[in-house]
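Asker: Listed below are the residues making up each chain.
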Amino acid sequence: GENVEQHPSTLSVQEGDSAVIKCTYSDSASNYFPWYKQELGKRPQLIIDIRSNVGEKKDQRIAVTLNKTAKHFSLHITETQPEDSAVYFCAAEGGETGGFKTIFGAGTRLFVKA
Amino acid sequence: DTGVSQNPRHKITKRGQNVTFRCDPISEHNRLYWYRQTLGQGPEFLTYFQNEAQLEKSRLLSDRFSAERPKGSFSTLEIQRTEQGDSAMYLCASSPSDEQFFGPGTRLTVL
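So the sequences go chain by chain: A and B.
The first sequence begins at 1 in the numbering used here and counts up one residue at a time.
The second sequence begins at 115 in the numbering used here and counts up one residue at a time.
None of these hints come from the bench; they were simulated from the model.
Incorrect hints may have been included.
Said to hold, decoys possible - Straight-line C-alpha distance at most 16 angstroms; calculated EDC-like pairs for lysine to aspartate or glutamate:
hint	chain 1	residue 1	chain 2	residue 2
1	A	K71	A	D27
2	B	K171	A	E83
3	A	K37	B	D200
4	B	K185	B	D138
5	A	K37	A	E83
6	A	K22	A	E5
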């Protein structure tokens with residue numbers, strides 16, 4: 001069945017360093033890959049996304065890369081700040097059915113130490 | 115508040131009882147999703163609607179779970195004969211195309 005694996009489960013970095021979170025997906029027909037940030041006690045919010053026809057996308061300090069052949073995608077955060085501390089979820093949408101079913105990874109808890 | 119709303123925010127019930135949750139999406143969002151989230155895990159897909167049509171339902175979902183979106187606007191999720199394993203946060207999200215906008219969730223506790 002569909003599956004999205006996310007690593008690492010916990011990541012601790014020093015303020016100003018970069019953080020990288022990696023995800024792999026199983027359904028090769030997936031075509032949309034969003035990343036959501038969830039702060040403690042709050043709802044998930046989209047921070048960046050990428051479609052299957054694009055290899056890389058950047059928005060200020062965050063970037064996402066996609067390797068369709070290997071079925072993996074990564075989130076890169078540069079110049080991390082304490083307010084980046086949160087849980088980050090990757091997701092894969094679409095699939096064999098051609099619909100919009102969305103499978104989330106288990107999440108990465110990011111700690112940015114000041 | 116024009117965001118996604120969910121009611122109730124908290125529900126405590128006894129094992130074996132039925133519960134129903136409501137989600138009001140952002141106006142004119144065609145897609146509506148239901149997820150279940152437990153501590154330390156990502157949102158687990160339950161089902162989604164395109165307007166009033168329920169297009170997919172998770173294979174993990176037992177027959178005790180049912181969802182409706184009768185007029186393509188608000189949606190309800192019912193759990194029959196609740197079990198302790200049903201205790202979780204139930205999230206609703208709506209989407210006009212790609213980005214999903216999440217509601218605050220309904221926290222269910224089954225005693």
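Asker: Against which earlier hints does the structure fall short, listed by number upward?
Answerer: Numbers 2 and 3, in rising order.
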